[in-house]
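Starting from the known structure of chain A, fit chains B, C, D, E and F onto it as the hints suggest.
Number of protein chains: 6
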Amino acid sequence: MRSDGRRNDEMRLIKITTDYIRYPEGSVLIEFGETKVICNASVTDGVPPFLKGSGTGWVTAEYSMLPRATHTRNVREAQKGKLSGRTQEISRLIGRSLRSVVDMTKLGERTVVIDCDVIQADGGTRTASISGGFVALYLAFERLVESGEMEENPINDFVAAVSVGLVNDEVVLDLNYEEDSAATVDMNVVATSNGEIIEIQGTGEERPFDRKLLDKMLDTAFIGIKNIISAQKEALKK
Amino acid sequence: MRSDGRRNDEMRLIKITTDYIRYPEGSVLIEFGETKVICNASVTDGVPPFLKGSGTGWVTAEYSMLPRATHTRNVREAQKGKLSGRTQEISRLIGRSLRSVVDMTKLGERTVVIDCDVIQADGGTRTASISGGFVALYLAFERLVESGEMEENPINDFVAAVSVGLVNDEVVLDLNYEEDSAATVDMNVVATSNGEIIEIQGTGEERPFDRKLLDKMLDTAFIGIKNIISAQKEALKK
Amino acid sequence: MRSDGRRNDEMRLIKITTDYIRYPEGSVLIEFGETKVICNASVTDGVPPFLKGSGTGWVTAEYSMLPRATHTRNVREAQKGKLSGRTQEISRLIGRSLRSVVDMTKLGERTVVIDCDVIQADGGTRTASISGGFVALYLAFERLVESGEMEENPINDFVAAVSVGLVNDEVVLDLNYEEDSAATVDMNVVATSNGEIIEIQGTGEERPFDRKLLDKMLDTAFIGIKNIISAQKEALKK
Amino acid sequence: MRSDGRRNDEMRLIKITTDYIRYPEGSVLIEFGETKVICNASVTDGVPPFLKGSGTGWVTAEYSMLPRATHTRNVREAQKGKLSGRTQEISRLIGRSLRSVVDMTKLGERTVVIDCDVIQADGGTRTASISGGFVALYLAFERLVESGEMEENPINDFVAAVSVGLVNDEVVLDLNYEEDSAATVDMNVVATSNGEIIEIQGTGEERPFDRKLLDKMLDTAFIGIKNIISAQKEALKK
Amino acid sequence: MRSDGRRNDEMRLIKITTDYIRYPEGSVLIEFGETKVICNASVTDGVPPFLKGSGTGWVTAEYSMLPRATHTRNVREAQKGKLSGRTQEISRLIGRSLRSVVDMTKLGERTVVIDCDVIQADGGTRTASISGGFVALYLAFERLVESGEMEENPINDFVAAVSVGLVNDEVVLDLNYEEDSAATVDMNVVATSNGEIIEIQGTGEERPFDRKLLDKMLDTAFIGIKNIISAQKEALKK
Amino acid sequence: MRSDGRRNDEMRLIKITTDYIRYPEGSVLIEFGETKVICNASVTDGVPPFLKGSGTGWVTAEYSMLPRATHTRNVREAQKGKLSGRTQEISRLIGRSLRSVVDMTKLGERTVVIDCDVIQADGGTRTASISGGFVALYLAFERLVESGEMEENPINDFVAAVSVGLVNDEVVLDLNYEEDSAATVDMNVVATSNGEIIEIQGTGEERPFDRKLLDKMLDTAFIGIKNIISAQKEALKK
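Protein chains in written order, with our numbering: chain A, 42 to 279; chain B, 42 to 279; chain C, 42 to 279; chain D, 42 to 279; chain E, 42 to 279; chain F, 42 to 279.
Pulled out of the complex, with its shape left as it was, chain A reads as follows:
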């Protein structure tokens, strides 16, 4: 049994609060246990230069952490004057993941920015950001449809993300910070509702891993993906 009492293939409590912040077109507070991320979707007219006149839209994301989301305080990136490699890497991953389920032609020449601001970090902030960012994006599109600005919601599938890793030689799902620090193999999986992979990133810095373990980690990951998509659907029903 894991330190917080979960089974190896058990997610932490998933909580999705919609309309969390008042002004964004879509806003969500997503919680994976003690990990809490505010995901806000902002829609504006117009697209980046490389898409001008194409009739298609763009979705991008920005990830950030409050300085004291973590056990010890981190210096603000705005203070340092530059984004860390980690921040940019996660921002790019969120953007790529969400773009994969949006029909850019239906979106038209609009840009959506998904801001994922981690207010409390206990592992899995990037997977919570993708999973919550999806709901914020969905809500923003719903609002545009309701107001008649858009004919139909350009999202064509659900997308969720989860982490899986090897901790004490056990494959565990949705690692918290303590487990994440102890993991020898670490993987993030982004997938759709019918079990297709959008992104897979696995690292064995501490110890390489074979394909059998890869398979087992994927099996476990898909259990989590299913749980999260259920929670997303639940949240969107309201």
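Since no wrong hints were added, every one of them can be taken at face value.
Copies of the same chain are indistinguishable here, so a pair counts whether it falls within one copy or spans any two.
Restricting the straight-line Cα-Cα distance to at most 25 Å, the calculated cross-link-like pairs of lysine-lysine (DSS-like) are:
#1 K279 <-> K267
#2 K56 <-> K274
#3 K267 <-> K278
#4 K93 <-> K121
#5 K253 <-> K267
#6 K278 <-> K56
Bear in mind the hints are in silico, worked out from the structure with no lab data behind them.
All values reported here derive from a predicted model rather than from experimental measurement.
Structure of chains B, C, D, E and F alone, referenced to chain A:
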């Protein structure tokens, strides 16, 4: 009567949630109506170079807004690679205000950083930050006292801040965003529980103001200060 | 009596040299005792994006100090690659103060930048900058009127700024560096010729202050404001 | 057949020139067809702060492209004043991959920087960088062993990287630029000589992919990994 | 005799490899002994703002060194976030030198960027960059003429650059790194095929020099200029 | 005759005001006609890392222009967040020139920074900076000798700088801005009192020049150097 139904000298609903974030030494969510600010206090050993060996501590603050705390999205300062003048000005004001009530000798060679992150902005974000930052700071010190790391809480008075302004020729307290945009005179007052001023900043960019109006604005401001300090005391009782 | 022999409500010698630098539309060297600031006004056609097409103009300011304007050398902000919070705060204050007396419609779609470069600093550099910047601005407009580019000078009142503070429990006017370092309360007042306040900024970081002291400081400040405006008028007569 | 005449599971010509640059401890020019990367290993005494006193060393990497390595010229990152997210992501991947096969205790408190500078880019620059960086690192350690500064080479396995993707519904190995632009699924695999995975990164931004395809892509990738490791061994024999 | 066996007025082996990189309009690897620089010319339509509508073109240059082109590793400028004074100074010198022989009217509203990336540095990197950059520029123009995009090659003279210095009281040509470090007087000369000077930069930081020595250094420099221009002509014949 | 009535080999009026700014160890306002530069020398204990423990000192310089020193306003480098290539190039030239006449062993482990701030620019700002910077440096050392902190002034020769150029086919001395803009050949010479060259920088971007012209320009430059050194000696006598 004001657009949100308040009397001219009436504060918006003040709500202070303590222990809001799990990891900081002191953490508070403060709400002035729809304005919501997370205030986290982080205590570390050591002081900036100019205080080394002095036996006295330091308190500083950093203010920031989520990109979509406002009606339209603002570009992140970390993305632009620099802090705006407004951000630095407010950070300095918060730090100055909180330092004024801390006995730095009792604090010893420790540094406290107060992070004020606005998650929703409806006017008065700097006054909410000071008022909430005070509670976070107080809580952090309490924790140090409880754990025996500090002999007594080095705070020697309460401090709160409020805005007051001239809107449609009426002096109004605790302006929301709509009122703030329409104000011809705008003032922020930081004060202690016994009505002494720590900082006063008044601007009549649209129209200069005379001393009679200054007096009236101060009278009104002190009503707000009293209300906020009551709320702070209430929050700290729990 | 004060260390430099002045009465408590006495300004240092005010000296305003007009047409100090050859190329700007308006140029002034202002001296408050040993504090010396070059104030240059540069007028260009066009306005920032938020005013385009509005028919109104814009006035902004930039404050800076030579590295060795002070007792010890400061690293250049251009070297550090960023403006300090103090610099930005003062630049914003100067801009706000000068805008308050300009009729932007008469100015038309022009931008005026007031550069205030402190070449020697002995306290009161921001108040000297505002007071000297006003004269540079006035001169620039006069030149535009004389050349027929503008119908009338869009300035509708004089503006000056002065510091006042509590030093050794005495309220003193126009603090020099030594006094500024010893002050427990510190206030800057920007006001017009008829005694109306444009900006008031008072700080009691060392010790809060009551409204009686605030009143006494304001009384003293207005003596200084009058003196400076006399000096400005004298300088503009030539 | 592919546009350049290769079979689907065929690598481009791999060419590894050792001792390419005169001064680095280890230096290699690696070519995957028309992709050419200079990999230089620089060894210095000392480690980053978080390892000081630990007795263990550190390996890190920096990736960059000449402005005209590509079909059209890219603005230099040094000119823009910041590293792109892509550059940082690849640098981190190279570092992580090479660290996985180094016994940091044997390395001792030394830091190795692997600089991977792409002088010509035709797809697969990150996989060529890892594969060539490994040889540069190996050579640097050999030199330290030969000079008696190190007892034994701390590398405990070979590591190589290769790309694989879905182009026109065919799984192809080692994509060139043209194929990379047309790929709907794109994967990079970093692995050891005995077929264990160090890092796997697969993206289906254009179209999600199922586990069957993932398996096929992995099969193909491992053919490439074997070829590259043969070429590495060949190069190191000389 | 010099440490590498050369006579005082003897150049190191000059080697110019044309079409070194595949994609640029003009590309050259130039070697002055162990100094190796990749010079790539990139032609784009359009000119900087100050030339728009003038009908004339622009040539500019950017110089850089790989981190390990030298005996010890240098931190990347992209990592530091700014270009060093040395880098900017050399980039400006290369641009100025090459512009001097281009008829900007014949070039038309096009911009050519010459990237000079030093992959191995053994003294004389700036003179090799100018000399190799010239060939890359010439080749780029030839290509435009061949493709019919330009009527005639706008280059109206050859240009080369060489260093000369006083080492152990001897005037020596084309200093390598060791000599450069020991030189008391150091001079770079940029000149045309008929012996006219485009740029002369001589420094006697260690010890001032008289005009007699200046003359002797110039005599020696022109021997080198002749040699380099021969090599340029040879390379362009192919 | 020249536009301002000077003979071709005639300097503008040289004016050197010593002790111009109150606080620096050495301070000078130097004027070459309408060009005005404040040169301040700041002495501090300690040296840059590469000289620690060497027993020798360091002299460095920083050049800057007020935004409106010129006919039109330039954006501040502190605002842009980086130093231009021109600024860095001139700063390096001033530092190199002044170091050449200082006995660093006599200076001991001290650093002198010479700040050259151009308040009005009419051509020749770099040569005025070197010539004025020398006097500021000399004065700073004199002060250290007088106070007993230094045994003897470590300056071993005078140094001055002047520009010379080809304007309308005439060799002219000490070009003003108008002449500078029209010059086809442009040269700066830094030299000592006995006519030895410390630095020579000549550029014929508009048109290459032969050695006969170089000689004539040098003859003319040395007339200027003599005049400036006389003025320096005169200023130091007081």
